[in-house]
Amino acid sequence: GDSVTQTEGLVTLTEGLPVMLNCTYQTIYSNPFLFWYVQHLNESPRLLLKSFTDNKRTEHQGFHATLHKSSSSFHLQKSSAQLSDSALYYCALSGMSNYNVLYFGSGTKLTVEP
Amino acid sequence: GALVYQYPRRTICKSGTSMRMECQAVGFQATSVAWYRQSPQKTFELIALSTVNSAIKYEQNFTQEKFPISHPNLSFSSMTVLNAYLEDRGLYLCGARADWGGDTQYFGPGTRLLVL
Numbered sequence: 104g105d106s107v108t109q110t111e112g113l114v115t116l117t118e119g120l121p122v123m124l125n126c127t128y129q130t131i132y133s134n135p136f137l138f139w140y141v142q143h144l145n146e147s148p149r150l151l152l153k154s155f156t157d158n159k160r161t162e163h164q165g166f167h168a169t170l171h172k173s174s175s176s177f178h179l180q181k182s183s184a185q186l187s188d189s190a191l192y193y194c195a196l197s198g199m200s201n202y203n204v205l206y207f208g209s210g211t212k213l214t215v216e217p
Numbered sequence: 039g040a041l042v043y044q045y046p047r048r049t050i051c052k053s054g055t056s057m058r059m060e061c062q063a064v065g066f067q068a069t070s071v072a073w074y075r076q077s078p079q080k081t082f083e084l085i086a087l088s089t090v091n092s093a094i095k096y097e098q099n100f101t102q103e104k105f106p107i108s109h110p111n112l113s114f115s116s117m118t119v120l121n122a123y124l125e126d127r128g129l130y131l132c133g134a135r136a137d138w139g140g141d142t143q144y145f146g147p148g149t150r151l152l153v154l
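These protein sequence lines map, in sequence, to chains A and B. The numbering of the first sequence is my numbering, which starts it at 104 and goes up by one. The numbering of the second sequence is my numbering, which starts it at 39 and goes up by one.
Isolated chain A (complex conformation) (with noise of 0.2 Å):
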């Protein structure tokens, strides 16, 4: 079945230095919606970023990610982390047998430090 992995439960960083989140998947599917979720605190899941694309940039508030078919990925990543940046980030996917559905990954706690 659908599945996504995320390799880091928790990642600290420094405020102003680079992020990267893993995100990898599986699916049978040619043609999947990748997603990143962010959730604050005592919050709902907010969709950060989406693509359908092979190989295109999508950006959104400082974050990107690319969608790569060949190695199943879509890295979240961000030049320079803020504080605010300091949530739980989900990676997502909704393959086309039932895009009205997201299987998620474990979830990676991102804490951003001064």
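Careful: at least some of the hints might be erroneous.
Listed next, with one range per pair, are the computed distances between beta-carbon atoms [stated by the list, open to error]:
#: 1; chain 1: B; residue 1: 52; chain 2: A; residue 2: 133; range: 45 to 51 Å
#: 2; chain 1: B; residue 1: 154; chain 2: A; residue 2: 216; range: 32 to 38 Å
#: 3; chain 1: B; residue 1: 50; chain 2: A; residue 2: 189; range: 24 to 30 Å
#: 4; chain 1: B; residue 1: 91; chain 2: A; residue 2: 118; range: 48 to 54 Å
#: 5; chain 1: A; residue 1: 180; chain 2: B; residue 2: 154; range: 40 to 46 Å
#: 6; chain 1: B; residue 1: 80; chain 2: A; residue 2: 172; range: 24 to 30 Å
List of simulated lysine to any residue pairs, SDA-like, C-alpha gap at most 20 Å [to be verified]:
#: 7; chain 1: B; residue 1: 52; chain 2: B; residue 2: 118
#: 8; chain 1: A; residue 1: 153; chain 2: A; residue 2: 134
#: 9; chain 1: B; residue 1: 80; chain 2: A; residue 2: 191
#: 10; chain 1: A; residue 1: 212; chain 2: B; residue 2: 79
#: 11; chain 1: B; residue 1: 95; chain 2: B; residue 2: 69
#: 12; chain 1: A; residue 1: 212; chain 2: B; residue 2: 78
#: 13; chain 1: B; residue 1: 80; chain 2: A; residue 2: 114
I should point out that these hints are in silico values taken from the structure, not numbers from a laboratory. Quick reminder that beta carbons are idealized off the backbone N, C-alpha and C, glycines included.
Once you've looked at the hints, dock chain B against the given chain A.
Same frame as chain A, now just chain B:
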């Protein structure tokens, strides 16, 4: 804009009792509603998908007998947690997909369930 409301936002129930939660789409018609659960310190698990004019499809480890869902119209869905126990605690999200298509699910704020 598209909004999804969930009620209640937070609830506490005694072990062995049941609790019903609601999901309301505002500003659009939800052709499908997916229910998810985020258990403490865990990711979001899909419970079931309810699509208009189709049977509700439950994921493995979740059953209609435990989590009955009602989806009477294109703007409302409810789910009940029957006979709740400690392992049922968590944040329950509904995600609605709009009738205009597209690839985005709109999430409600969630119902946080505590079981005593």
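Hint check:
no.: 1; hint: B:52 x A:133: 45 to 51 Å; verdict: 49 Å, holds
no.: 2; hint: B:154 x A:216: 32 to 38 Å; verdict: 36 Å, holds
no.: 3; hint: B:50 x A:189: 24 to 30 Å; verdict: 29 Å, holds
no.: 4; hint: B:91 x A:118: 48 to 54 Å; verdict: 51 Å, holds
no.: 5; hint: A:180 x B:154: 40 to 46 Å; verdict: 43 Å, holds
no.: 6; hint: B:80 x A:172: 24 to 30 Å; verdict: 28 Å, holds
no.: 7; hint: B:52 x B:118; verdict: 14 Å, holds
no.: 8; hint: A:153 x A:134; verdict: 13 Å, holds
no.: 9; hint: B:80 x A:191; verdict: 11 Å, holds
no.: 10; hint: A:212 x B:79; verdict: 10 Å, holds
no.: 11; hint: B:95 x B:69; verdict: 14 Å, holds
no.: 12; hint: A:212 x B:78; verdict: 14 Å, holds
no.: 13; hint: B:80 x A:114; verdict: 16 Å, holds
The structure is consistent with each of the numbered hints, conforming to all of them.
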